[in-house]
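All chains should be modelled from the sequences, with the hints used to inform the complete structure.
Sequential numbering of the sequence shown, starting at 1, is according to UniProt numbering.
Treat each hint with caution, since some may be false.
Cut-off 25 Å, straight-line C-alpha distance, at most; resulting in silico cross-link-like pairs (DSS-like, lysine-lysine) [stated by the list, open to error]:
id : residue 1 : residue 2
1  : LYS309    : LYS417
2  : LYS309    : LYS243
3  : LYS325    : LYS693
Hints listed in this document are in silico derivations from the structure and should not be mistaken for laboratory results.
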Amino acid sequence: MLLPMPFPGPFDYAAPTDIPLQPGDIVTVPLGHRRQTGVVWDAASSLPPEFTPPPTRTVDAAKLRPVAERLDLPPLTAELRRFVDWVAAYTLSAPGMVLAMTLRLHMRGVPTPSTGWLATSPQPDGLRLTPARQKVLALLADGTARTTTDLATAAGVGPGVVKGLADAGALTAVALGPERAFAAPDPFHNLPVLEGAQAEATDALRQTVAEGRFSVTLLEGVTGSGKTEIYLEAIAACLEQGKQALVLLPEIALSAQWMERFTRRFGTQPAIWHSEVGQRARRLTWHGTADGSATVVVGARSALFLPFKDLGLIIVDEEHEALFKQEEGVIYSARDMAVVRARLAGFPIALVSATPSLESLANVEAGRYRHLVLPSRHGGAALPETRILDMRDHPPPRGLFLSAALTEELTATFERKEQAMLFLNRRGYAPLTLCRACGHRMECPHCTAWLVEHRNRKILSCHFCDHTEPMPETCPSCGAEQSLTPIGPGIERITEEARHLFPDARILVMASDTLGGPAATAEAVGKISRREVDLVIGTQIVAKGWHFPHLTLVGIVDADLGLGGGDLRAGERTIQLLHQVAGRAGRASTPGRVLLQSYTPEHPVMQALLSGDFDAFMVQEAEQRRPGFWPPYGRLAALIVSADSAVAADDAAAALGRVAPYGDGIQVLGPAPAPMAILRGRHRRRLLLRTRKTIAVQPILRRWLGLVKLERQVRVDVDIDPVSFL
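In structure tokens form, the structure reads like this:
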């Protein structure tokens, strides 16, 4: 019996004589003095040969406690059970903690019918629209009925707001229940007209789905080339076969505009799975995937662990995104584990990106992935013209951050009644606040990080542990008054500057702390599409997937941000992010322009963006990593040692360092303080295992960790294939 808890393996229980049990059945069992939900488990049969198999043991049957109850829930399929075992073995996690991502307590029980709300169409005359009411109506714009509780929670308003809209006739009551939770998407609804490279890629993907065998396809296309329309046709082919499809998106904010495109193609909404979805909707989706009524699910990385009855296709959109890596708890890459789930079940998967990861390109080079390429934009739109503004030669005025050339382009864009975007991947007003009198820097008391000023809320905030404190009027070190000075720009500061330069421009800020969720994002996207916005200012949330046909100018405030530090993938990530941002410009008939403000225009990333030759940059990046067997031409695994005290962290890291493995093709770097040496009050040290591609790291790590006995306050997190080095 596998329990969703951090135990090293399954427990043994006695099968009751009156309840026939099969592997995959969901049951309750006694554990200590309480009952716990678990799953009848069988031995894993699909683990890679280098993984240590689960240990066998003999237990006295007389000592076994009986299973208490079999729950009235669909059993977990053999494919999902093998997948749980595989992920646990690969990531060196307790299998129960992987199971917990599938079997959550709030999934228990079949949801009972209840009342939901839809927006009345047309809205009653004279309806008073307060900001709170607008949030509720924006949330319902996707056509999905929601309960009062789910609406109030997702919109961040009180239940009375929902009731008031209903009393005013703005909402229509509908019955909710499992039997009508998901309308079936129609694969023959609103068939698209695809030509040229789009049609060829579509035919290839549809054929792959029709064959129904495991394969991985990398769908690469320039921004605006119609990649989404192509993989929607692969989903249609999957639906025609009576199978389910899963689409993974890196940001839940992207679901707003994506949902519109899906609905336009299939005539209805898919099921949605992410952290902003209410508990009842999550229960419905969980049951819908298990009984097959939810035929298409779009969600964040955790949707990969839903109990699909007959999954036949996975799409990983923006496959290069680091957000697909889960950094806490079970540390895994949703992109890589999606490939594993497809392989274990024997169905195709498509990885989609305008800027593919070097890992995926290396798999194409090795012949493991098929490569479909869309070289031009859909509908005859041209790629934007790119210019680099050398800030050393043309610096902005003192205390400002927008160069004269960029402000001139913005002015001309507004005069043509076109839209513009300013991009800076930094939230808040300023990333650092220091005292002019003594040099004291405001830092987080729990992390090795500067506090970020959020001037609109008059607070200082840590973006790693969420610590906040009021903005002080005097320096906490020397007591000097009015001496605290913001250093560097965040998007709040850029917004302040833009409002001063363009007082008549309608400005919209898009960042994770200004958009409260999918509903607020959908409202913002609607304003841009309706041309109610002249200038969009945003962080990385504006970089991916959006289609704004009237947006013709993109200005990147600090193109060099992200190139510093010791991150192995700094150049790759920067060019991917900026290429995606640049792709928001000129997606319709009007040509687009991209201006990059840079102090290092000679950097290979800047030159690649200027020439538009992403492929050449990635070839150069590959050649730099190959000789030292750095990923994707070698393997990495990180050990992150953390403790309540620096001494305990140092001692544990040193003990691990003394027994570190060595051999041909094996190297251990460290121990050393992590760049984020203190996080949430815990002191952190890192060791990095590097091996050749042909060497499995899991057995090495198991033996290594088994040689050291750690104190109770010490924790070691294992990160296989790390993407973050903080």
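Tested hints:
1. For the given pair, LYS309 sits about 51 Å from LYS417 by alpha-carbon distance, which is inconsistent with the 25 Å threshold.
2. Of the supplied pair hints, the one linking LYS309 and LYS243 holds, its CA atoms being roughly 9 Å apart against a limit of 25 Å.
3. About 20 Å separates the Cα atoms of LYS325 and LYS693, which keeps this hinted pair within 25 Å; it holds.
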